[in-house]
Amino acid sequence: MSAALLVFGYGLVVAWCLPALLTRLTAAGFSARLGLAAWLAAMVSVLAAVLAAIQYLITAAVEGWPQLAEAVCRSVAGGACTTVVYRSAVFELGLGLAAAAAALTLGVLAWRYGRSLQREQRRTRAHAEAARITGRRLPGGGAAVVLDAAQPAAYCVPGRPAAIVLTSAALAVLDPGQLTAVLAHERAHLAGRHHLLIALTRGLAATFPGVPLFTRAPAEVARLAEMCADDAAARHSSRPALITALLAMGTGTAVPAAALAATGGAVAARVQRLLDPAPRARHARNRLALVTVIVLLALVSGLVTRYAGPLAARGFALG
Amino acid sequence: MRGFGDLETVIMHMVWDHDGPVTVRDLFDELRQERPIAYTTVMSTMDNLHRKGWLDRAKEGKAYRYTATASREEYSARLMREALAGGGDTEMVLSHFVAEMDGADSEVLRTVVRRLAGRRSE
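These protein sequence lines are chains E and Z, in that order.
As numbered in the working numbering, residues 1 to 319 make up the first sequence, in order.
As numbered in the working numbering, residues 1 to 122 make up the second sequence, in order.
In case anyone wonders, no lab produced these hints; they're calculated from the structure.
Some hints could be false.
[As the list claims (entries may be wrong)] Just so you have them, the derived chain Z footprint on chain E, three or more residues with Cβ under 8 Å:
# : segment
1 : 118-128
2 : 140-151
3 : 156-166
4 : 180-186
[Stated by the list, open to error] Heads up, simulated DMTMM-like pairs for lysine to aspartate or glutamate below, C-alpha to C-alpha not over 20 Å straight-line:
#  : chain 1 : residue 1 : chain 2 : residue 2
5  : Z       : Lys52     : E       : Glu120
6  : Z       : Lys52     : E       : Glu129
7  : Z       : Lys52     : Z       : Glu82
8  : Z       : Lys59     : Z       : Asp19
9  : Z       : Lys59     : Z       : Asp47
10 : Z       : Lys62     : Z       : Asp29
As the structure is a computational prediction, the values presented were derived from the model and not from experiment.
Glycine is no exception: its CB is placed at the ideal position from the N, C-alpha and C atoms.
This is chain E alone, in the form it adopts within the complex:
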C-alpha cells in the first residue's frame, strides 16, 4: 500500500512540478531534439510510475486482502469497524466491485484512446490518398503534390504512402531555394514520425485532463517538432532560405511598425531563433540542463519503482 503511494507520489511530483521547468528549458529551442526527448521522458516516467503504483497496489491487495479490508474499513468507518463488519461477505463484495469498477474505467479509457487514434489515422490516410490523386505532381519533388488554391499553404500528411501538399499560391511566393527548404522541413516531419509523437501526446492529454504535464505536452511537443524540422531544413538548404520561406509563407503585404519583442507566438519564436542563434556557452548550458533532467528522470523513476517495496517495508519496520 505504502510502496504504491511512494511511486504514485513520485509520479504526481513529476506531473505537476516538471512542466514549468521543461517549458523554461525548452522555450528558446536551443536544442529542440533534446527538449523533445525530455518531454517524452517525463511522460513515459509518469506513466511508468502510475503503472508501477497499480502493480504494487494489486500485489499488496492480493497478499494482504484481510488487512487491506480492515484498513479501508477503518479509514471509512473508524471505530465502528469491527472484525464482523470487515470480514463480512458484503464488505468484501463491495471492495471487489470497486476493484472491478476501477479496472473497467481503465479499460474504457484505453479503448477510447485507441479508438480516437484509429479514427484520426483513418482520416489522415484518406486525406493523403485524396491529395495524391487530386494533386499535380511537383517535378523533382518526390512525394510532393500541388493543389490549386488561393491560399499559400504547405503541409505533410502521414499515410501509405505519405504526401507533402503545396498549394499553387505557395509555389507562387517561394523561390527554388525556399521551396527546397520547405520540402526538407516537411520531409523531416515525416522521417522523424512527428505526427505519431503529436497524436500520442494529444491522446494522453485527452485521457488525463487536468494533469499539467499531459495537458501542456501537445503544444510543446508540436512546437519542438517544428523546430527540429527547421533545424533539418536549415542543414539541408540554408538558414536564409528557410527564414525567408517562413516569412514569405507567413506574411501578407503591409508592414506596420512594431517592436521586435518576443510575443510567445509560435512562428515568431521559430524565426527569431533562426535569426539570432544563442551564444555557444548558453547553448551548452541548456543542453547540459536538459540531459541532466532526462538522466535524472530515468534514474529516479527506475530507483523509485524498483525500491519502493523494500523502502516502504523498512518504513513500517521502523515505525
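We have chain E already, so just place chain Z on it with the hints.
Chain Z alone, transformed into the frame defined by chain E:
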C-alpha cells in the same frame, strides 16, 4: 517510372481532362501510347476508383461509361477546407509549414521582413 498506386492518379486526371464520360477502352487506348499496359489493369483500377467513390458509372450497351463524381477543383477545395480548418487538430495530424498565426505573431514577422529589407538597402 510511376508506381502502381499512381495509376489511379493518372486515370483520374485523364477522366477530368475528358469532356464527357469515358470507357475503359478510351483510356486504355490513350495509355497504351505512352506505356505498356494491360487492358485489365486499366479496368480494375477504374473499378477501384468507382468503389472508392471517385468515379460514377452507367452501363451503356456492354461497357460502363465513367464520369468523375466531382471536378478536380471541387476535390482541391474540399482538401483545402479539411487541411485549413482551424479545429482540424483533433481529427487529423497535419504538420503545416506555417501554422495559423495570431495578430502579434504576424506583426513580428512583418517587422522582421522590414528589418531584413532595411539591412539589404543599407
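Hint-by-hint comparison with the structure:
1. Residues of the segment 118-128 of chain E lying with their CB closer than 8 Å to a CB of chain Z number 5, which satisfies the three-residue condition for coverage.
2. Residue count for the segment 140-151 of chain E with a Cβ under 8 Å from a Cβ of chain Z: 4. That meets the three needed, and the coverage hint holds.
3. Note: the segment 156-166 of chain E has 5 residues with beta-carbon separation from chain Z under 8 Å; the three-residue rule is met and the coverage holds.
4. With 3 residues having a beta carbon nearer than 8 Å to a beta carbon of chain Z, the segment 180-186 of chain E meets the requirement of three or more and the stated coverage holds.
5. Taking the CA atoms of Lys52/Z and Glu120/E, the gap is near 19 Å; set against the 20 Å cutoff, the hint holds.
6. Under the criterion of a C-alpha separation no larger than 20 Å, the hint pairing Lys52/Z with Glu129/E is consistent with the structure, at around 11 Å.
7. Proximity of Lys52/Z to Glu82/Z is assessed by CA-CA distance (about 18 Å); at most 20 Å being required, the pair is judged to hold.
8. Between Lys59/Z and Asp19/Z the CA atoms are separated by roughly 18 Å; this keeps the pair inside 20 Å, and the hint holds.
9. Between Lys59/Z and Asp47/Z, the direct Cα distance comes to roughly 13 Å. Compliance with the 20 Å bound is thereby established for this hinted pair.
10. Distance hint between Lys62/Z and Asp29/Z is fulfilled; the C-alpha atoms sit about 18 Å from each other, no more than 20 Å.
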